[in-house]
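**Student:** The residues making up each chain are set out below.
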Amino acid sequence: MPKSFDKDWEKVLWKKQPFADNHIPRQFLSALRRNVNFTPYTYWPLVLLSCAITQHVATIFIFLATFVRLKEHMVDPRSLILISVGCFVAGYTIWSWGNHTTSKEDRYANHLKTIKSSILIFLALMSLSPVLRTLTAATSSDSIWALSAILFVLNALLADYGVRRSYQKLQEGLTSVLSMNAAISASVVLASRLTADIDVFALILFSVQAFALFPILRHRLQVSSTLVQFLMTFSLALIALALTASLSWTVMCIFFIAFFFITFLAPAFLVWAQRYKNEIRGPWDVATPKTALVSS
Amino acid sequence: MLTVFWPIDVKRSGFCYGWNAPSVCIAGVLELSAEQEAKEALKKALHCSIQWRYITESCGSEPVILGKCVFGVESVRSKRPTPFLQLRNCGDYTLIYYCRHQSNTLRFHTLDIPKHNVPSRETVAGSAYLNSVLHDFTAPKRDQFVTSINDVVLNQFNSSKSLEQALSQPLKTEEPKLLKSFIPVGSLLLRIFARVSVALSTICNFSIVPPHLLLKDVSATIQQIDVRAEQMDFFAAEAGSLRRRTSTPIHVYSGRYTNFFNAVWLILNDIIMGVALGSFICENHVALARLLVETAEDFLVSWVQWTLQWLDSWPAGLKLNTELSHFYSHTFIGLVTVWGGFLQKGAPYLPTVIYVIGVLSSGGMTITISLLLDVLALLTAHICICYVLSRAVYQRMLKSAGSLWNLFRGKRYNVLRNRTDSWEYDIDQLLFGTIFFTLLAFLFPTVLVYYSLFALLRLCVLVIQASLETLLALMNHFPLFALMLRVKDPWRLPGGIHFVLEESPGSETPYIVIKNQPVPLSTIFFQYIELLSRLAKHYNPLRLLWCLLSGQHLAAIPPYSIRCNKIPEDSDS
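Those protein sequence lines, which keep their order, are chains Z and W.
For the first sequence, this note's numbering assigns the number 1023 to the initial residue and increments by one for each residue that follows.
For the second sequence, this note's numbering assigns the number 6 to the initial residue and increments by one for each residue that follows.
It should be emphasised that the hints constitute simulated quantities derived from the structure, not laboratory data.
A few of these clues could be false.
[To be verified] Label pairs and their computed distance ranges (CB to CB): (1) W:A560 / Z:R1100: 50 to 58 Å; (2) W:N423 / Z:L1253: 46 to 54 Å; (3) W:F347 / Z:L1169: 39 to 47 Å; (4) W:N419 / Z:K1135: 21 to 29 Å; (5) Z:T1313 / W:K542: 53 to 61 Å.
[Stated by the list, open to error] Once the Cα atoms are required to be at most 25 Å apart in a straight line, the calculated DSS-like pairs of lysine-lysine come out as: (6) W:K520 / W:K493; (7) W:K416 / Z:K1135; (8) Z:K1093 / W:K324; (9) W:K16 / W:K44.
These numbers come from a predicted model, not from an experiment.
A virtual CB, placed ideally from N, CA and C, is assigned to each residue, including glycine.
Make a model of the complete structure from these sequences and hints.
**Tutor:** Here it is, written out as structure tokens:
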């Protein structure tokens, strides 16, 4: 709105002006701009973006359900191993379909490298599982539940939910590595409650699968179409709920509420909180150069 | 106004003789009637006396007859002499008095603290700077002080009494009385000493694992024997030079004399205390042996085993990893039991060993202390081995944790450039790192607990060793003789001169006497202070704490750094 202004007042102190030195002109703060680059969030894109979080949380819940089943001997460890291997093969195929950047020879070399490292990890885990079983065997169960809860929360907080384009490298930041560490530690801690070595091996293999390899696939799938994203989220949540339903009704309800909250309620809250956004800009700010390459 | 230096004890009239340059210094008075007679007597004495040929050089020039002096009647009674001088080429003069000392009392003046037992700073600083020092025009030149008191004048003071004695009794050589009694026995002993010391030094420097590990690094007793051999060598070298009283300048001679007799006194003290202690040990050797065996059994074997068992079973409610804890405690208990077996086997021989130690300690208390050090090292050898083992594991864990931290940050240590660079790791490397990290993180408390037990034990042993080594260094190098001289006769340890304004009763003007300043205590103890600072630096508690935490080896101070070289730097014998 047009403001009245003092015509003769200049923003200098080295001239003698008819005004006092601490005179506040009427055009004070007229250069203030509020929320200049403000594009308000809209609801449905936010929901789509929060699907990443839902997928991650669903993975954690699936893992917890698997653990309980293993502990109660409701599932055979060997079948779990087969499922893990099958998931790995499927996931790798999907991932390499989306990999358009490398040439044919490189792709072949990459396949071989992946096979070699997966065999290595498989064998290493198999040999280390007796050690891993007894790492925290002496600790009482209550501390184990508390410790694993804290570690999973840490994992969820520090995980990398961003979108990674296919031309960007596979480099992980420190926080995402730390979150992976927290998840693996949590699974090792939980594995000490199991009795047989092969149970431990199955659980650790599954956790490596779910917390280290699955996020890579998730990043790759995030750039694909909305439908794929939505289907993925829905299926993961459904699997989590189904696995939990046969164990405990209460926990399933809790999980359902958690999913609902993360996917639908939290974006709504964020959109509602936009009204309090108050970003102040003015000529006193540090200038930001506009470069040609602007990431949208 | 000419300054004339007059000896305070001369009250005779006659012809005074002395030096003209750099300032008028009167050495004494000849009571003769004619000047020509005085000149002849002076010349005859100068040519006949052997001693003079060496001192003339340091006094700058030959003494000459300076003039006549007359004493008034009243000045015979007063405390200070007030002569009336008739010197050539001068009218008015002021008198400054100085004291003359006999050369066999070994008293003398110097301008500054004698530096013959301190490594000279100029040579130490590196000859690269010597050339530029020559061109330093800001440093005051010695020539500026040509008419004031300088070294030459003090040399003249020091030699004035000898000049008088040369004039009255020519052809008399002087030696300190003490040394006369040593001479007959000396030369044979010296030859024996020299041979024996060479033999001992070769044995002590025999290297077990060439080129670094010498025999004297392993055992404290051999180190002490090496010190003794060095002292014997020192005697053999020094005693010869002490006979040459007349040809060495007095400050060098006095320093050598002090050093020599300091060593003699220290060793005699040592031997006396050693004989006393040795007789005590020999009398009670059975009781001592029993006490030693019981203490060793209790503390070193049973208690360690009990602590290891306690650590294995949830110490203070702390739950360590069961398998690893079992492994550790079984291994260490086994080691300690083996050691206990050795101790039991050796227990019957222990009284004999202690008796032998008592007999050997008549070589000196230092030998006893070093034998004690060796016995301590032998008795706690099992703790040392356990410490080395647990420290190796702990340090390896810390290093792996460090490199895993680099892995998680996406950095890698570049050995070629000796720095950390960023590096892309594959996903399987990250996975392996993660699994390894969980292993490390969960096994770390167990390793830490066992390491800290043995590190603390090793620290206690080290503290005992350190105190015994300090005592040894004290006994080997205490400057007893210099301290006694400082108390009894400060003139023999001069550290500069100062002027004292004295009043004589019933006289008009006060007069100035030159007196010397004894050497400050810090110079007497300078070797000591350096030794103690080295010990403090090595056993600094913060440094020990850092070594403990980072898993570096807690070692005793290397024995060379707490030994001082006894042979003085400037040997011109």
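**Student:** Which hint numbers does the structure go against, in order from smallest to largest?
**Tutor:** Checked against the structure, no hint fails, so every one of them is satisfied.
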